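All chains should be built: construct the whole structure from the sequences, respecting the hints.
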Amino acid sequence: QQQVKQSPQSLIVQKGGISIINCAYENTAFDYFPWYQQFPGKGPALLIAIRPDVSEKKEGRFTISFNKSAKQFSLHIMDSQPGDSATYFCAAIGGAQKLVFGQGTRLTINP
Amino acid sequence: NAGVTQTPKFRILKIGQSMTLQCTQDMNHNYMYWYRQDPGMGLRLIHYSVGEGTTAKGEVPDGYNVSRLKKQNFLLGLESAAPSQTSVYFCASSLGGPNEKLFFGSGTQLSVL
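Line by line, the protein sequences give chains F and S.
At position 51 of the first sequence (counting the first as 1) the number is 51 in my numbering, and the numbers step up by one without a gap.
At position 64 of the second sequence (counting the first as 1) the number is 64 in my numbering, and the numbers step up by one without a gap.
Honestly, the hints are just simulated from the structure, not real lab data.
Because the structure is a prediction, the values reported are computed rather than measured.
Since no wrong hints were added, every one of them can be taken at face value.
No more than 27 Å apart at the CA atoms, straight line, and that leaves these computed lysine-lysine pairs for DSS-like:
{"id": "1", "chain 1": "F", "residue 1": "K98", "chain 2": "F", "residue 2": "K5"}
{"id": "2", "chain 1": "S", "residue 1": "K70", "chain 2": "F", "residue 2": "K42"}
{"id": "3", "chain 1": "S", "residue 1": "K9", "chain 2": "F", "residue 2": "K42"}
{"id": "4", "chain 1": "S", "residue 1": "K101", "chain 2": "F", "residue 2": "K68"}
{"id": "5", "chain 1": "S", "residue 1": "K71", "chain 2": "F", "residue 2": "K42"}
{"id": "6", "chain 1": "F", "residue 1": "K42", "chain 2": "F", "residue 2": "K57"}
{"id": "7", "chain 1": "F", "residue 1": "K98", "chain 2": "S", "residue 2": "K70"}
{"id": "8", "chain 1": "F", "residue 1": "K5", "chain 2": "S", "residue 2": "K57"}
{"id": "9", "chain 1": "F", "residue 1": "K98", "chain 2": "S", "residue 2": "K71"}
Which chain S residues face chain F? A few, computed with CB under 7 Å, are given here:
{"id": "10", "residue": "G42"}
{"id": "11", "residue": "K101"}
{"id": "12", "residue": "G105"}
For glycine and all other residues, C-beta sits at the position ideal for the given N, C-alpha and C.
Below, the structure written as structure tokens:
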């Protein structure tokens with residue numbers, strides 16, 4: 001049972017373009033939505049996180065957009081760079097639920 | 001600046017063999033976790049611990065056991081390895097719970113043949 005559905009599985013974007021990764025959830029008790037970034041051969045690292053009291057959070061070129069009514073949240077990477085090439089995981093937790101991860105998106109930024 | 005350290009980095013087991021994956025964190029974190037990562041399935045929680053001497057089951061605990069005798073160490077054991085346990089295993093820790101930043105180790109690639 002996948003509680004957080006992430007799409008697309010893979011994404012190729014040209015340098016300077018906008019990368020968009022989407023996640024959807026069902027459990028309305030979720031109240032913390034982090035994104036993790038993973039480079040090959042490394043463990044995931046927290047990139048940015050949002051709580052549902054705000055609809056958007058921006059840190060540098062990375063923005064989380066959150067739509068509570070649609071139960072969706074997305075990661076936008078502006079001015080994508082080759083160094084952003086990595087696997088990205090969305091996740092969610094809240095209520096009595098443990099932290100659950102999406103399936104992951106392998107992002108490739110072409111120079 | 002070690003953070004979370006996992007050993008070994010790679011291991012090949014034969015079916016039925018046993019092994020222990022070791023994890024150490026130097027951040028005085030209370031919570032520790034073991035995840036497995038499989039293609040197309042994200043990260044799935046195997047077991048976790050909220051403090052020294054305590055452990056609890058996660059999403060996929062079958063075939064694994066854990067122990068946390070010291071606050072900084074969290075061990076994952078496979079008693080009788082099966083091909084379905086071929087995966088990349090990650091240890092992680094956090095100070096106050098999974099709704100805070102998780103710090104991950106660099107992973108253990110395990111193959112069961």
